[in-house]
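Spelled out, the chains give:
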Amino acid sequence: MKISSRVVVIPQENIDTDQIIPARFLKVTDKAGLGQHLFADRPDFRALIDSSSQVLVAGNNFGCGSSREHAPWALVDFGFKAVISTSFADIFRQNALKNGLLPIVVDAKTHRLLQPGTPVTIDLAAQTLFIQGGPTGTFPIDSFSKTCILEGLDEIGYILKHESAIASFEQDR
Amino acid sequence: MQHRNMKTLYDKIWDSHVVVPESDAPAILYIDLHLIHEVTTPQAFTGLRKRGLKVRRTDKTFATMDHSIPTSSRSLSGFDEMAANQVRTLAANCAEFGVPLFDLNSPKQGIVHVIGPELGLTQPGSTIVCGDSHTSTHGAFGALAHGIGTSEVEMVLATQCLLQRKSKNFLVQFDGRLEPGVTAKDMILALIGQIGTGGGTGCVFEFAGSAIRALDMDARMTICNMSIEAGARAGLIAPDDRTLEYLAGREFAPKEKDWDDALARWKKLPSDEGAHFDKTLTIDVSALEPMITYGTNPAMSIPISARVPKPENEADAAALKYMALEPGQALAGHPIDVVFIGSCTNSRLSDLRSAARVIRGHKVSSGVRMLVVPGSYAVKRQAEAEGLDRIFKEAGAEWREAGCSMCIAMNGDAVPPGKVSVSTSNRNFEGRQGKGARTLLASPLTAAASAIEGRVADPRRFGAVL
Numbered sequence: 001m002k003i004s005s006r007v008v009v010i011p012q013e014n015i016d017t018d019q020i021i022p023a024r025f026l027k028v029t030d031k032a033g034l035g036q037h038l039f040a041d042r043p044d045f046r047a048l049i050d051s052s053s054q055v056l057v058a059g060n061n062f063g064c065g066s067s068r069e070h071a072p073w074a075l076v077d078f079g080f081k082a083v084i085s086t087s088f089a090d091i092f093r094q095n096a097l098k099n100g101l102l103p104i105v106v107d108a109k110t111h112r113l114l115q116p117g118t119p120v121t122i123d124l125a126a127q128t129l130f131i132q133g134g135p136t137g138t139f140p141i142d143s144f145s146k147t148c149i150l151e152g153l154d155e156i157g158y159i160l161k162h163e164s165a166i167a168s169f170e171q172d173r
Numbered sequence: 174m175q176h177r178n179m180k181t182l183y184d185k186i187w188d189s190h191v192v193v194p195e196s197d198a199p200a201i202l203y204i205d206l207h208l209i210h211e212v213t214t215p216q217a218f219t220g221l222r223k224r225g226l227k228v229r230r231t232d233k234t235f236a237t238m239d240h241s242i243p244t245s246s247r248s249l250s251g252f253d254e255m256a257a258n259q260v261r262t263l264a265a266n267c268a269e270f271g272v273p274l275f276d277l278n279s280p281k282q283g284i285v286h287v288i289g290p291e292l293g294l295t296q297p298g299s300t301i302v303c304g305d306s307h308t309s310t311h312g313a314f315g316a317l318a319h320g321i322g323t324s325e326v327e328m329v330l331a332t333q334c335l336l337q338r339k340s341k342n343f344l345v346q347f348d349g350r351l352e353p354g355v356t357a358k359d360m361i362l363a364l365i366g367q368i369g370t371g372g373g374t375g376c377v378f379e380f381a382g383s384a385i386r387a388l389d390m391d392a393r394m395t396i397c398n399m400s401i402e403a404g405a406r407a408g409l410i411a412p413d414d415r416t417l418e419y420l421a422g423r424e425f426a427p428k429e430k431d432w433d434d435a436l437a438r439w440k441k442l443p444s445d446e447g448a449h450f451d452k453t454l455t456i457d458v459s460a461l462e463p464m465i466t467y468g469t470n471p472a473m474s475i476p477i478s479a480r481v482p483k484p485e486n487e488a489d490a491a492a493l494k495y496m497a498l499e500p501g502q503a504l505a506g507h508p509i510d511v512v513f514i515g516s517c518t519n520s521r522l523s524d525l526r527s528a529a530r531v532i533r534g535h536k537v538s539s540g541v542r543m544l545v546v547p548g549s550y551a552v553k554r555q556a557e558a559e560g561l562d563r564i565f566k567e568a569g570a571e572w573r574e575a576g577c578s579m580c581i582a583m584n585g586d587a588v589p590p591g592k593v594s595v596s597t598s599n600r601n602f603e604g605r606q607g608k609g610a611r612t613l614l615a616s617p618l619t620a621a622a623s624a625i626e627g628r629v630a631d632p633r634r635f636g637a638v639l
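Order-wise, the sequence lines are chains E and Y. The numbers in the numbering used here rise by one with no breaks, and the one at position 63 of the first sequence is 63. If you want the numbering used here, it's the position in the second sequence, counting the first as 1, plus 173.
Each hint should be verified, as a subset may be incorrect.
With the C-beta cut set under 7 Å, the calculated list includes, among others, these residues of chain E facing chain Y [as the list claims (entries may be wrong)]: (1) K27; (2) T86; (3) V105; (4) A108; (5) P140; (6) F144; (7) H162.
Calculated directly from the structure, the hints in this document are not laboratory data. Think of the CB as a built atom: it goes at the ideal place given N, C-alpha and C, for glycine as much as any other residue.
Just chain E, with the same shape it has in the complex (with noise of 0.2 Å):
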């Protein structure tokens, strides 16, 4: 999995779900058309990106706040592939994993950069994020979820594969 794309940046650090989508548009039932309300009360951050681009750089502690899947999924369906920053909340990096939208750790000097329409390439399988005009970087990533993106593993498969240990766990208990 490759991603090249010139890069859209909202420089601001701790943006939280509550910024990626108002709770309001969370009375939905399914997962369709989010992207519409990505930063829906946020004409400023609106106003920083489009949907050409596939990768997102924001400021540090990205995606604090709420357990709401709905960030992620708006985030996808607007066009993203990819958010880079120095850290993420751990809940939505788990949640964005679950939906292939890579959360790019980098350094802050890395971070420095990338200016909005820096064309970066982003490799997943070789871990490296190349800023042109710059030094190719590599970056972390969850070795599990690597692979389930890169091969379209199915967690909850993988999880029910290990049905016998499950049931002498509870039979244990």
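Starting from the structure of chain E, add chain Y where the hints point.
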């Protein structure tokens, strides 16, 4: 002296729930209790249906309605059609999959993190998940409890397990004694203010120390509830006599011989002396004042007598602009429009009692709307039996049915744009309580005092009743 075999409370709960240990893949962790609600589950049930799977343990799964429901009445007629549809979808899904549901007409209905403990479902040493980040609340009982996304809700419904990597151990020691007027809410706001909204990322907190031991269970839940606001997935407090006293006799708590067996297990839960913590922090609560937030995340807080600090960066400056506050300005005395007492942070009986003690014999300031929303139907019944509802109503406050209400503003209970609210909830993010709403997070005491004065007020001014 640290020793390899010494374990923390978190280590012990983790170890006793590993079905398949962590390898290249995350551990498969067994889940004892799965709480579900209307907002983060419809897509998970759709997923189950597509796969042709059942809910594996309908005896370990419980549903309630809380986030998007009306609190003005228990009727959905004339209510927001999308929200009503979501509520009906939960009922249909629970009926189809055989999941017990505490619906709008159930005497057990309430905010998911209020009813779990209340019913005795929340038990020490257990693993608990829910598609809601404030699941950390249940950690007050020494249960490993955290929020999950909807894909994980589907995973747990299907397998009763969660793929999980172990977090780091972070010990937060609260020593000293709280002064009158200073509460658990102020302790947790002070912690978040000190370490920031990402200060606990990758960690599970264990809250310990004499100031934690001195708190009742409701107050301990307030502390654990806001663990997530510092980025920690969970917060834990080791069970003690207060925990057992709270649990004994509750509907789903173990009975008779099972209770004795449980006690023997629970006694072994506290962290071993010398167990290793990756991080530790000590806070002396004796010096704490009532805390209040001034910005747009829960880490932006100050003691109520302090002044709004100078912004350190553009984000801080933007937050102050949103809040219409100036650096150097005192928050005490700042005019307010709304007071909200409720949410999974502060809607339990002791929260309502403490707010009522301040309000009794006073009037809510003209021009201020005060909403009191009990966390559960059981809390509401008990509060009414004690006459708390009359105290609030006579003061001019609205007394509501149980639900999340103005904490998340999904149900029409919202703060109007540009208006200032003093709220006992957990998040002051931009727009959290309604588009353009300006939220100041504080304790029930501070909220009640502010309602009377129509301005941000120090509850210590009402000293005699604290």
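A quick look at each hint next to the structure:
no., hint, verdict
1, K27, "holds, 4 Å"
2, T86, "violated, 10 Å"
3, V105, "violated, 11 Å"
4, A108, "violated, 14 Å"
5, P140, "violated, 12 Å"
6, F144, "holds, 4 Å"
7, H162, "holds, 5 Å"
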